[in-house]
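Protein chains in written order, with our numbering: chain A, 1 to 440; chain B, 1 to 262.
If you are wondering where the hints come from, they were derived from the structure by calculation, not from laboratory data. Even for Gly, the Cβ is constructed at its ideal location relative to N, Cα and C. Worth double-checking, as some hints may not be accurate.
Claimed, not checked - When the alpha-carbon atoms are kept at most 27 Å apart in a straight line, the in silico DSSO-like pairs for lysine-lysine are as follows:
(1) K41/A - K137/A
(2) K289/A - K376/A
(3) K23/A - K175/B
(4) K112/A - K175/B
(5) K207/A - K196/A
(6) K262/A - K247/A
What the hints assert, rightly or not - Residues from chain B that keep clear of chain A, each with C-beta distances beyond 12 Å, as calculated:
(7) L2
(8) Y49
(9) E79
(10) A91
(11) A139
(12) A192
(13) G195
(14) N204
(15) A218
(16) S223
(17) V234
(18) P251
(19) E255
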Amino acid sequence: MTSASKPCIRVRGVSKKFARSLKRSFVYGGIDVARAVVGLKGTDRLRESEFWALCNISFDLMAGQSIGIVGVNGSGKTTLLRIVSGIINPTLGSVEVHGRIAPMIALGAGFKPVLSGRENVFLNLSILGVPRKEIPKRFDSILDFSELHESIDAPVGTYSSGMISRLGFACAIHTDPSILIVDEVLSVGDAKFRVKCRNKINELRRKGTSMLLVSHSAVLIEALSDECLYMQKGHVIEQGSPVKVLKRYEEDQIVRASAHNKSAFEVEATIPCKSAQSVRSETSIDSVKFLSGDIDCGFWSCGAEGTILCRISSRAAMSNISINLMIFDNNQPGAPAVQFMSSSRDVGGIELQQGVSEVKISMPHVGLPAGMYRVKLSVSHGKLHDIKAVADGLRLVVREQGHGLHCSFYQPRDWIVNGVVRPWNETVDESESLDLVGDA
Amino acid sequence: MLADVRNTLSLSWSLFGRTIGAKYRRSFLGYFWMVAPALVVSAGACVAYDSGLLRPGDTTLPYALFVFIGTLLWQTFAETATLAHQAIEGARSYLTRVQFPREAIILAQACEAFFVTCVRVFVALLFMALTGTLSLSSAGTLLFCAFLAALLGLGISMITMPFTILFSDLHQTIKLILSYGIFLTPAMYLPAGDGLFALVVRNNPISPLMQVARDVAAGVAISTPTEFYVVIAVSIFVTCLGIALVRISTPIIVERMLIGGR
Chain A
1 MTSASKPCIR VRGVSKKFAR SLKRSFVYGG IDVARAVVGL KGTDRLRESE
51 FWALCNISFD LMAGQSIGIV GVNGSGKTTL LRIVSGIINP TLGSVEVHGR
101 IAPMIALGAG FKPVLSGREN VFLNLSILGV PRKEIPKRFD SILDFSELHE
151 SIDAPVGTYS SGMISRLGFA CAIHTDPSIL IVDEVLSVGD AKFRVKCRNK
201 INELRRKGTS MLLVSHSAVL IEALSDECLY MQKGHVIEQG SPVKVLKRYE
251 EDQIVRASAH NKSAFEVEAT IPCKSAQSVR SETSIDSVKF LSGDIDCGFW
301 SCGAEGTILC RISSRAAMSN ISINLMIFDN NQPGAPAVQF MSSSRDVGGI
351 ELQQGVSEVK ISMPHVGLPA GMYRVKLSVS HGKLHDIKAV ADGLRLVVRE
401 QGHGLHCSFY QPRDWIVNGV VRPWNETVDE SESLDLVGDA
Chain B
1 MLADVRNTLS LSWSLFGRTI GAKYRRSFLG YFWMVAPALV VSAGACVAYD
51 SGLLRPGDTT LPYALFVFIG TLLWQTFAET ATLAHQAIEG ARSYLTRVQF
101 PREAIILAQA CEAFFVTCVR VFVALLFMAL TGTLSLSSAG TLLFCAFLAA
151 LLGLGISMIT MPFTILFSDL HQTIKLILSY GIFLTPAMYL PAGDGLFALV
201 VRNNPISPLM QVARDVAAGV AISTPTEFYV VIAVSIFVTC LGIALVRIST
251 PIIVERMLIG GR
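Using the sequences plus the hints, can you model the full thing?
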């Protein structure tokens, strides 16, 4: 996007400490209030059970620019956004903001359920700093954007979560913001709403609105950001162009996912839990590996060959076994599986011999777009699918190779160019056409 | 600074307007609940008085009016003494997600408390009219005393709010004191003798307000003018101190609301 000379957000040496112990955090809160009353500021000394949630963060968001922030959960992204939004103060350092911020941290979270949608719009816009006289002028536009014409006078308590998000988003963008602070809200609501939000954000960006964006989606960050920060344990460990930063983020994700999957099975093996033992009395899943083709790299690439290699132990020979695979988007907790496949449906019942068997699920083309996924693998028996063993919470990273960019899924395809089917000014026999075949 | 004050006032007025209408929306009796507690306590005290269980001393007013003025002022004070805590707790979802003039939430709740106080005073004025004690001075004094009781409660609530939000033990203790504190005031009886109980009742900060409102209603000279002026000064002082403390402490409180989920 465009870059101008004037920063609208200037963050300098921002650090923030929190206490791990709940009770201590309240005691420290009381002490901090007393210190603030006598004019004492925060120190860099950590008290018992305290840790640095953010450590010496500095960056400038220029007018019209967009900065994406990536990092795993607990890396300090949301804390940073809260400090920039002015919700909490930094322990050390300073934040300068020039312009009106539209914080999209939890859409519609402050709505009062007993009030109608109309009343909540007036209340919400007042809180977001819109002058009272201006609110009626913007109301119709908010109503059109949220598409809640029929239910605007009903209590918000009767709204679905999607309707609340729509109304919250509509309110936030109608505050004439010069800075958007977006924390994962582009991944809530239905697909139609997400597209609408995305287009509206693009429209604001074209008008010169700056944006600070937090998302787990590397694709979204790459598409919407001019610069990227990669945060880990409260530190910015990489800052620069989205392509460069996201590459490192993705590599780290693969390492973490592989370590997580490995440790998941080590824990299973070393901790004899009652429920696990009962499930594993006949059958158990000993290991699961994600291969790219035949290479044991721990990740898949969108559009390329992907393989799952799992080892299943069985105390006795069993027939009519089904191996079921469910893949969930890790960024949308609670959402249904994006992929479900079952061996019983694909190839019929499987027979397992006594001992450790190896099962390979091979996919010629990975259709999943780039991102982080949760994989659940189960072994079931019979027509009613009695569960014999489950491996849940496995992490799978899918990398982008260019084939699935800007797509919801990868569609395997062949491009066929039928050459010159009729030479210029000349009639030829069509059966002699030349076939050029390309494979994506 | 001036723009800050203007924004705060404008927002608090919007919040007040939107919430007062919704407050009793789920209730069939609606605004009756603003005066119901004072009426019920007064009625109970009158029954006890008629049956000889309660000996309030030499009240210069009809007992029903005497006790209604007392319970009205106490109730106003007791409700506003936890007002800031309730306002901050009730606005948790806003506070932890948006930056805005946070004092506006307390101010909006204070506007609501003053509105409720006015309704209660209006009912008291009806009582006064029925008992023939209504005059411009008695009405004005009662309204002023009720306003002072609310201001004193508001100031105390703002000073204690940062600590009651952080330490629920303190909040529970204050709630307990306020639940039974009416018995330590001259709301239903006048203190007799020089014992510890009488000393506490006389030196209760609400006592001079009750005394002055009753004296003016009865048309007699104000018996506790010095104490009354002290209460006025203290009310203004604690309110100013409370506003400063709220401004300083709110970011720290919000931070703890986020991490503690309280």
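Does the structure break any of the earlier hints, and which numbers would those be?
Result: hints 1, 10, 18, 19 break, sorted rising.
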